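Assemble chains L and U onto chain S, guided by the hints.
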Amino acid sequence: MLAIQDPFGQLPVPASTFAADIDPLYTFLFATSLFFFGLILAILLYSIVRYRRKHADQPAANNTTHNTALEVVWTLIPTVIVMVVFAWGLVGNMDQQVAPKDAIGYTVRAKKWAWGIIHPGDAKQTPAEMWVPEGKPVRVTMTSEDVLHSFYVPAFRQKRDVVPGVRQILWFEVPEGQGFAGQDFHLFCAEYCGDQHSKMAGTVHVVNQEEFANEPWKGGLPDDPVARGEYWYTKAGCLACHSLDGSRRVGPSYQGIWGREGKLVDGSSYTVDAEYVHESIRKPQAKIVEGYDTAVMTAYDETALSDEDIADIIEWMKTLK
Amino acid sequence: MSGHAKVVTPTPDGGFATHEVAHHFKTAEQEYQSGKLAFWLFLATEVMLFGGLFAAYIIYHDVYPETFVAGGSTLNWKLGALNTVFLLTSSWTMAMGVRASQLSQKKALVGYLVVTWLFAAGFMVVKYFEYSGKLSEGVGPGYWFNPVPGSHYAEVLEGLPFPNLFFALYFTMTGIHGIHVLVGMILIGWLIVRAQKGHFHSGFYLPVDLIGLYWHVVDVIWIFLFPLLYLVP
Amino acid sequence: MTTNIPTVDPATSGGVELRKEPSYLRVSSGLWSWLGTLDHKRIGLMYLVGVTAAFLVGGALAFLVRLHLWTPDGALFEPATYNQVFTLHGVFMVFIFIIPAIPASLGNFVLPLMLGAPDVALPRLNLASFYLWCTGTILAIYSIINGAVDTGWTFYTPYSLETGTAVVSMGLGVFVLGFSSIFTGLNFIVTIHKMRARGQTWFKMPLFCWAIYATSVLQVLATPVLGVTVLLLAFEHIYNIGIFDPQYGGDPVLFQHFFWFYSHPAVYIMILPGMGVISEVISVHSRKPLFGYKLIAFSSISIAVISFLVWGHHMFTSGQSEFVMVAFSFLTMFVAIPTAIKVFSWVATIWGGSVALSAPMLYAIAFLIIFTIGGLTGVFLGTLSVDIHLHDTYFVVAHFHAVMMGSTALAFFAGVHHWWPKMFGVMYNETLAKISAVLILVGFNVTFLPQFEMGSLGMPRRYATYVEEFQIYHQISTVGAAILGIGFALMVGYMLASLAGGRRAKANEWGGVTLDWHTPTPPNLYNFDEEPVMTGDLYDYTSGIPDYGKDAPMDKDELAERQAAEGWNA
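Residue numbers (our numbering), protein chains in the order written: chain S, 1 to 321; chain L, 1001 to 1233; chain U, 2001 to 2570.
Some clues are possibly wrong.
Sample of chain U residues at the chain L side, in silico, Cβ under 10 Å [said to hold, decoys possible]:
hint, residue
1, 2119
2, 2141
3, 2142
4, 2145
5, 2146
6, 2186
7, 2187
8, 2191
9, 2220
10, 2232
11, 2322
12, 2323
Negatives, chain S to chain U, calculated, CB over 10 Å [what the hints assert, rightly or not]:
hint, residue
13, 104
14, 109
15, 154
16, 155
17, 218
18, 266
19, 275
Honestly, the hints are just simulated from the structure, not real lab data. None of these values were measured; they are calculated from a predicted model. In this text, a Cβ means the ideal position worked out from N, Cα and C, and glycines have one as well.
With the rest of the complex left out, here is chain S:
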């Protein structure tokens, strides 16, 4: 199966049903291209060798200026090929565009620079990690809180821009029984979104349906609040802008943050305490530390980080030196 789809091993693991259509088309395009490239190169090299100018005033071997039959043939052949490719690509794309009715619904919220995934039947957002069952179509409804992003899982051959002010929908299905359960796949942001664009990554965990029924996204959180705080820091997107080692990123570093005092852009002063951290997460524009840009950070609401999660982050911050 794999060998026919992608005999040259050029594509990622074919972990969605689209691969069965796209991979052979890609291979067809590649083989056809290779054939024509080889043909053109061969004729080119042959002509250069065969008709090489050996003395300075050697005239051309022939002065043919056109050959209607030949020109018609080499116009028609590419026309036929590209029409076949167009039709094949169109059929595959219809499939990519239209989600089946029984698809299970996910919501994805994109912001600089983190993915937030709301699993079916859940209200709480899981940062950067997505669990999907094999053998069931998945429909993802996506919104952006700031700029353009693009949801891209190479293994699924599926991609869709996330546009602020618009709901974008994408779907895919991981084929059942082909050993994809238990595998993890990259989720990338494919539309340039600024500073930490390349760090706006995530993981898609494929699980079998029984395991999926256990809602795996809910488990796995550490028991220790400090460890949970660190988990949110890494996964919810904080680390993209806030370093731990004092180096300057888009926002202030967390090094020794607890109890820190300093000046805000409006000239007033601040002290980092529980109230300040809570406000900075819920309303990031309220207090901007002197020397930093406004309007970079977007707010985290209850769905993204609950009050309990923020409490975890505060516990963790207290431990930062």
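Then chains L and U, alone, in the frame of chain S:
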């Protein structure tokens, strides 16, 4: 390169300057045709530029039809119509000016150009009253769109989505058009000075011809702007 | 081709034909004689210097990008700096180098010669276009100093509205550069319509002129839309006009429509002139008329027309309606056909010719190879379902570099090598030139073939850091970039050396027959000794090859006399 008749003398000869054909042209005819073609191409770029703005307007009219109808209803169509009459008439006087230059009628040329200039100035005066009327009630483009509560604008636009868009497009489109009118006034002023000196005659009237074309395009763009903005369907 | 200008047989004339007038390089001297010149050839040379400098800056930035990507975490820069570097690379290469490169430098120099004209139709506009180019470039450099730009050369909203960098001044620079491009295009259309030699009908025009004509139409009709787009972008910054900003009811995808309505035709503004150069180079160096002349001419025009109808294929993942996608994909496929026709015709021209493996020809062959790769991979991206996977990955990066860098830039250099002896009357070291052509061909493929593969595996573009599995591809690619860099550095070196002490070029170094080879070498101020009249066929290599107007000194006494009378230096 062998030369041809490179100096053009006018007919009739009284009070006109001769025109020297540029070094790289063979004939005055080639020079005239080249200038004319170049200018038509320039006008095509103007059409494409305004075409982009019109496309944006039509798209958002489609997205927010109620807002755009309400926005259009706040504009004073009588002033818009007056300006349409100004520009149409000035197009006619401009055309007559071009004809006068072709016939070597110096006085008539200057007269028509002055009248054209005055109509253009009239257009700008009307625009000034329209703009200041809006700005005084807090209706400006984009950032400056804060209709004074209780004003006519605030009432009509109450509750409609994104009225800022209509006015941002109104000011941007009429503003860019207005800049074109101002540039036209400068060019016509320059023509008047040169016409006085007798530079234009049956043998050489290219600048009058080209600026005439420009003026017609400025007019035509307004012919599209007026119904789109003031008489929104 | 035959004209009224006699072909001189070196055997009977003693090998020396005395010039009747000084060459355009000697007719006047001093800085102002260049900066204020209305001569299309001098303006072309000033452009040549300018765009080459821009290419070197853009190339250095590209090499920094490649070095940075040596390690997964990024070897050189903070992500913010990396984003600025790749943006500047794009802006310099696209707007400052590649769009003006061939039309404004080679086109300016060669087009009037090919048409048998003493100059372009509007010399003042030509000079104005050059100074607009300078102004736009200065604005771009100012933007770098004033905070740089980190939006990518595409300036997509809403990111470009909220980034704190110098988007407005860069946009203004692009606006000004756009007008420079419009002026050049407009000038060339008028020149082609009104300045052709007597006897030169439309179908007796060299294919380079056809390519420039098609390009110019695109420049005149598409660039104003870029102008209004960057203007609206500036208005967003200045007063929140709102049409691209979702906060004010606008639609960020509309910006993409506006942008690509220009920038897709711009792709052909970049490649069509390159195709024209290649047509001329292949014909001359194969000493054979171009195969399928009319079909190539029409394919240039049809590419230009289709290019206005396919912009949406840059936005297959943006959520356009399926109907729109179908239309754009279908039309995109029709770009492949005229493109294929051109490649076949070039190969058929070489077939049965008298093929000289000269330096320009090697560059042209490298072009043919890379352009074929670029064209074929374009079909992958026009195919809807496959593009969804490949969109915004390194596959796209490699594809457009194959077309822009591997094709247009190589065509540009093929043309520079081809007309260099005509421009300066000197020859470069051809052995070094051949080595450089081979280095560039090899370097290009080592750089970009791994990028095709990386893209197919899912490596997104514009990434300052990446996951480890892509490292090997990035490293091979960086090695390739180093090879490319050596090739280009070598080229700059021997070209400059030829000006200092290259051998004197022959009057007709390659044995070309089009009107550009009927001028003295280098040409006169007004190009021809007498007004040319075309009579025979266009690419006729059988009725005598012009060997006319060597740059030998005039009779000594006459020379001194005229120098004194006309004030020019030998």
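Closest C-beta approach of residue 2145 of chain U to chain L relative to 10 Å, hint status: Result: violated, 27 Å to nearest chain L Cβ.
Interface hint for residue 2142 of chain U, Cβ within 10 Å of any Cβ on chain L: 24 Å, violated
Does the closest beta carbon of chain L sit nearer than 10 Å to the beta carbon of residue 2141 of chain U? Cβ of residue 2141 of chain U sits 26 Å from chain L, so the hint is violated.
Distance rule for residue 109 of chain S, whose beta carbon must clear each one in chain U by more than 10 Å: 15 Å, holds
Interface hint status, residue 2191 of chain U versus chain L (Cβ within 10 Å): 8 Å, holds
Under the criterion of a CB-CB separation shorter than 10 Å, is residue 2186 of chain U in contact with chain L as hinted? With Cβ-Cβ at 5 Å, under 10 Å, it holds.
Minimum C-beta separation from residue 104 of chain S to chain U exceeding 10 Å: can you confirm that? Given that every Cβ of chain U is farther than 10 Å from that of residue 104 of chain S, nearest at about 21 Å, it holds.
Close enough to count: is the Cβ of residue 2187 of chain U nearer than 10 Å to one in chain L? 7 Å, holds
How about residue 2232 of chain U: closest beta carbon in chain L under 10 Å, or not? Cβ of residue 2232 of chain U sits 7 Å from chain L, so the hint holds.
Minimum C-beta separation from residue 155 of chain S to chain U exceeding 10 Å: can you confirm that? 8 Å, violated
Does residue 2322 of chain U meet its interface restraint, that is, does its C-beta lie within less than 10 Å of any C-beta in chain L? At 19 Å from the nearest chain L Cβ, residue 2322 of chain U fails the 10 Å test, so the hint is violated.
Minimum beta-carbon distance criterion (10 Å), residue 2119 of chain U to chain L: Holds - the Cβ of residue 2119 of chain U comes within 10 Å of chain L, reaching about 4 Å at its closest.
Taken one by one, the earlier hints fail for this structure at numbers 2, 3, 4, 5, 11, 12, 15, 16, listed in ascending order.
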